[in-house]
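Peer 1: Next come the chains, spelled out residue by residue.
There are 2 protein chains.
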Amino acid sequence: MPTGPPGRSTIRGVEHGLDVGTLFLAFASALVGAKVFGELAERLGQPAVLGELAVGVVLGPSVLGLVPLGDAVLELAEIGVALLLFEVGLETDLEELGRVGAPALAVALAGMLLPFSGGYAVARALGHPPLAATFVGAALTATSIGITARVLSELDVLATREGQIILGAAVVDDVLGLVVLAVVSKVAGGGTLDLATVGKSTGLAIGFLVAAVVLGVPLGRRLIHYVGKARVRGVLGAMSFAFALLVAWLARAAESAPIVGAFAAGAALARTNRRHDIDEAIKPVVDVFAPVFFVYVGAEVDVRRLDPSAAENRPALLLGLLLAAIGFAGKFVAGFASWGKVRRAFVGAGMVPRGEVGLIFASVGLSTRALDPPTFVSVLVAVFLTTFVAPPLLKVLRPPAAFGRTPGPDGERRRAAGP
Amino acid sequence: MPTGPPGRSTIRGVEHGLDVGTLFLAFASALVGAKVFGELAERLGQPAVLGELAVGVVLGPSVLGLVPLGDAVLELAEIGVALLLFEVGLETDLEELGRVGAPALAVALAGMLLPFSGGYAVARALGHPPLAATFVGAALTATSIGITARVLSELDVLATREGQIILGAAVVDDVLGLVVLAVVSKVAGGGTLDLATVGKSTGLAIGFLVAAVVLGVPLGRRLIHYVGKARVRGVLGAMSFAFALLVAWLARAAESAPIVGAFAAGAALARTNRRHDIDEAIKPVVDVFAPVFFVYVGAEVDVRRLDPSAAENRPALLLGLLLAAIGFAGKFVAGFASWGKVRRAFVGAGMVPRGEVGLIFASVGLSTRALDPPTFVSVLVAVFLTTFVAPPLLKVLRPPAAFGRTPGPDGERRRAAGP
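The listed protein sequences derive, respectively, from chains A and B.
Counting in my numbering, the first sequence runs from 2 upward without gaps.
Counting in my numbering, the second sequence runs from 2 upward without gaps.
Just to be clear, a hint being listed does not mean it is correct.
Treat identical chains as interchangeable: a pair holds within one or across any two.
DSS-like, lysine-lysine: derived pairs with alpha carbons at most 30 Å apart [claimed, not checked]: (1) Lys230 with Lys284; (2) Lys230 with Lys396; (3) Lys201 with Lys342; (4) Lys230 with Lys342; (5) Lys396 with Lys284; (6) Lys230 with Lys201; (7) Lys342 with Lys396; (8) Lys284 with Lys201; (9) Lys201 with Lys396.
It is worth saying that the hints were derived from the structure and are not from the lab.
Construct the complete structure from the given sequences, taking the supplied hints into account.
Peer 2: Okay, structure coming up:
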C-alpha cells in the first residue's frame, strides 16, 4: 500500500479516520477563499465577513465540496470562534460595559420577546404544533455574537457606546438563549417544565459569567505575573490562549456556552497591564482560525433546498421568508429599547444576525424531532437571511464616531478604506 | 437534556462525536503543561522540547488521561508539526543547503545503512522472521526532522554549517524513509518487491521536493505580490499558511509526507522579500500549535508497558534497549561521514532522534501484522530513548559559533541563557 501510510498521518500509520490531506486542503481552501472573497466584499463596500460566509456556501458540500461538514473542520471552526470571542473580550472595557448594562439588558429582553412571540404566532397560525412553534420562536431569539462582534470590529466601533450596548445585549442573549434551549430541549425530550429547572439553568448560566469575570481578573493578573518571568519562547500568547480554553471548558461545565467563557476570559485579561501584548500575540492566530468558523457556517447552507423552482421547497421557503421578516423586525425594533446618546437603528441592526446560535436551536429541534425537515429548512432560511442582511446594514448605519482610525501596517487594514 | 446541546458544539447541537469541552481541556492542558515543563527543562539546562515530550507522557492516557490519543488532538498535532516545518523552511537558506548537499547526503545514507543493518541483524539473531526484522531495521533509519529542527532552533544553530548538514540529511532521511516505508508496506501487504515500484516511489518523492522548490519560489513571489495589495486584515499570515497547507497536501498526493511539503513551502517563501514579515506573522501560530505535537508524541508512551518489574515486559524492554543502542551508535557514527570545518559529533547527535517518523514505521508494522505487539513495544522504546537522549546531547555538543545572539523581547528568549 504505497499511498496509504504516508498520507494518513505524519504521526501514526494506523487508520484513525482522519485524512490529513483532506483536512489540509479544506483548511487551505477555507483560508484562501475567505481572504479572496473577504477582499472582494471589501472592494464592493461590504464587510469582509460577508465574503467569508458566501465563500463557505460555495466551498461547502452542496456546491464544490472542498470544505466537508465533519468533525475535523468543525473542530478548527470551534477553536476559531472561541479565539474570536476571546479577542473581543480582550478589546472590551468591563467598566464601559457595566455603564451600558441597563440599556443592553432592555435591548436583549425586547430582542428575545418580540421575535419569539412573532415566530410562535406565525408557526401556530400555519398549523404547526405548539412544540414546533416554540422551537421556531426560540431559534429567532438568539443573536450571533460571533458575527456581530466581527462586523463591529471591522467597522472599528467596538469601543463606541453603540458597540458596547450591542455586545452586552448579545452576551445576555447568548446566556439567556442557552437557558431557553436547555429548558425547551428538556420539554421536547419528554420532561416537564418546572420552575426549579428553569431557575437552576438560569442561575448557573448567569452565575458562571459573573464568577468568571470576578475570579478571572485576579487569576489573570497572577498568570501574567508568572508568565513575565518565563524564558521559553511564546509563553504569553500560549498561556493566554490556554486560559481562554480553560474558561471556555468551565463555561461548558456550568451549562453555558464555550464562547461565553472565552469572552469572559478575554474581558478578565483585558484588565491586566499586558492587554496590548496579549492582543498582539493572539491576533495572528485569530486571523488564521476565525475565517474557518465563518466559512463553516456558510458551508452548512444546502443550496438545493433553496431552489424555488422545485415545488416541494416552496412552502418551507415562504415560511422562511416570513420568519426572516419577523426575526429582522423584532430585533431591529428592539434596538429602540436602548437610550442615551446612541444611534438606535445601528443597535437594532447589530442584533439582527442569528448565525451559529440560531443554527444550534434548529439542529436541536431537528434531532429531538420537534421540527420536521421542511420547518428546519424554514428556520435555516431565516437564520441565514438575517445573518447576511446585517453586515451591509451595519455598514450603512455606522455611527460617525467610528471614523478616523489609521490603517495598519503592510497594506493590511482593519477596516475598509475608500477605493 | 439540559447539559447536552450547549456542550456538544457551538455550531450544531446534533451529535457529531466531537466533545468541544474535552478538546478545549486537552488543548489547554497540553499548552500549559508544555510551557511549564518546557520552562523547567530550560532551568535544568535542557532544551524545552524535552519538557514538552515528558509532559506528554504525564498528560497521556497511561497516566493522567487529560490528553486523549484521538482524532481531535491528533489533528491539532498535525497542524502543529506542519507549521513547525514551514517555519524551519522559512529559516532555511536554500543556497547554503545546496552547498552542504554532498556531506548531508553522505550523512543521510550512512545514517540509514548502519542502523538498518544493525537492527536487522539483532532481530534476526533473536529469532525474529525476516519481515519483522526488516520493519525493526527500517524503523531505526528515520530521523525526526521535527524534533531535530526544534532543538537546533532553540540552540540557535539552524544557520550554522552543522545545522544545515543535519537539516539537509534529515530531509533526505525523511524522503528516503517514506520510500522505504512504501516499499516495505507493499511487501508486508503481500506484494512483490520489484525495481519498478522502488524506482517509481523514489522518483515521485525526490521529484516532488525538487518541483516544489523550483516551482514554489516564483509562485511564492507572485503570491506575496498580490497579498501586498490586500486591504483586509491578516492576509499575509493566512495566505502564507494556506500556501504551506496546499504544498503539504500536494506532498501527500505525490506519496511524500505532508511535513516535507510544508518544509518546501517555507524554503520557497524564504526567497521572497517578505520572509521576515511572514516569519513574524506565523511565529505566534507556531507557538500555540507546535507544542501540541510534542505533547502528543509523548502521550503515545504507555508507561505500563515500560514497567521492568513485570516479567512479561522484560524481553521486549531488553530488545528495545539493544535497538536504542544500535540506533544511537549508527546515527552518531554517521555524523562522521560529514566533512569540512564542522563539529562532526554534533552532526551525529543531531541525527539521533527518531520521533514521529520512527513511530510511523512501528505503527504500520503493527497494523500490517509484520510486528507482534511485544516487538512493537521494543521499537517504541528505541524510538523514545533516542528521542529523549538527543536534545541534552546536542546541548552539550553545541558548536561555539552559535553563541552571541541576543534574547528576544518581553523576557521570552529563543534559547536558554544561564540562570
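Peer 1: So, for every hint listed, does it hold in this structure?
Peer 2: Okay, the hints, checked on the actual structure:
no. : hint               : verdict
1   : Lys230 with Lys284 : both (22 Å within a copy, 20 Å between copies)
2   : Lys230 with Lys396 : between (44 Å within a copy, 22 Å between copies)
3   : Lys201 with Lys342 : neither (37 Å within a copy, 72 Å between copies)
4   : Lys230 with Lys342 : neither (45 Å within a copy, 38 Å between copies)
5   : Lys396 with Lys284 : within (23 Å within a copy, 33 Å between copies)
6   : Lys230 with Lys201 : neither (42 Å within a copy, 53 Å between copies)
7   : Lys342 with Lys396 : within (19 Å within a copy, 63 Å between copies)
8   : Lys284 with Lys201 : neither (37 Å within a copy, 44 Å between copies)
9   : Lys201 with Lys396 : neither (40 Å within a copy, 56 Å between copies)
The structure fails to meet hints 3, 4, 6, 8, 9 from the earlier list, while all remaining hints are met.
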